[in-house]
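Going line by line, the protein sequences match chains S and E. Following numbering that gives the first Met the number 0, the numbering of the first sequence begins with 0 at its first residue and continues without gaps. Following numbering that gives the first Met the number 0, the numbering of the second sequence begins with 0 at its first residue and continues without gaps.
Accuracy of the hints is not assured; some may be wrong.
[As the list claims (entries may be wrong)] Per the computed footprint, the stretches of chain E lying under chain S, defined by three or more beta-carbons under 8 angstroms from a beta-carbon of chain S, are: (1) 73-79; (2) 132-141.
[What the hints assert, rightly or not] Partner residues aside, some chain S positions facing chain E, computed with beta carbon under 10 angstroms: (3) 6; (4) 57; (5) 59; (6) 63.
The set of hints was computed from the structure by calculation and includes no laboratory data. No residue lacks a Cβ here, since even glycine has one placed at the ideal position from N, Cα and C.
Each chain, written out:
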Amino acid sequence: MRLSCPLCGERDRREFTYQGAAAMVDRPAPGATTEQWSDWLHLRDNPAGRTRDLWYHEAGCGAWLVVERDTVTHEIFGTALVGGDHAD
Amino acid sequence: MVELTAQTPWAALLPVTAGATGLSAWDPGPMTALMPYRGRRAALSEAMQAAHGLGFPDPGEVTAAPPLRCLWTGRGQAFLMGGPADPGLSAQAALVDQSDGWVALRLEGETAPEVLARLVPVDLRPAALPEGRTLRTLCGHMTVSITRAPEGLEILAFRSMAGTLVHEIADAMRLVAGRAVLG
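The shape of chain S in the complex, shown without the other chains:
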């Protein structure tokens, strides 16, 4: 498996660490209810198909990426830097 890092280009999977669903990036507002925080922390979709995940390019540029891929076909549709492209 290879992932295309927006900064480094196509790289081997061993350079990356998987974190989990990309929904973690969308934090609730600071004044959100306990239930909203609980849902954000604990509830995950488990799709058979397209999913968006966070990957860390640990052994490369150190960027966090959102990788959109298919859990059934293993096809990778695209990668993007978390936080846009400031300070790269």
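Take the given structure of chain S and dock chain E to it, following the hints.
Just chain E, lined up with the frame of chain S:
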């Protein structure tokens, strides 16, 4: 006053030659990590131009104004090498001294990419990594920075990994040289 003598981490490990490849150490001198504050990348690059005559490198790029060089080393991070950084740059970026935290190797010879192909999961042949380009990747399990310079491939790694790094690369050099002898 005690006079301290700087020691290299290599002891008697270097240089190593095997077949058409040579591995040697070089002294990167003062090194400073430059990490621009949010939205200050362009301002940092301008300040660097004014103070040192080189800009902040794009991903994979090396900027140079001899004897200084600035190596891209990650997202929002570059290393200024070859001399001290102007303290005025700290208005635009976090500056962290890296001197002596890293060791530098040079792998020379046409078979250098072939040697590193055994350890590094990235294509390092001149077509893929031309002169003046740099990248971050793995060498075995160690994170490294690899740059193509006129003399060969330059490898930066954490000083604590120095012995292991030489061991791994020297082994790969001997194996590639052995294959060449077998034809």
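Quick rundown of the hints versus the structure:
1. 73-79: With 4 residues close enough to chain S, the hint holds.
2. 132-141: Coverage by chain S holds for the stretch 132-141 of chain E (4 residues, Cβ < 8 angstroms).
3. 6: Residue 6 of chain S check passes; min Cβ-Cβ to chain E is 4 angstroms, inside 10 angstroms.
4. 57: holds, 8 angstroms
5. 59: OK, holds: residue 59 of chain S within 10 angstroms of chain E, min 5 angstroms.
6. 63: holds, 9 angstroms
In terms of the numbered hints stated before, the structure departs from none.
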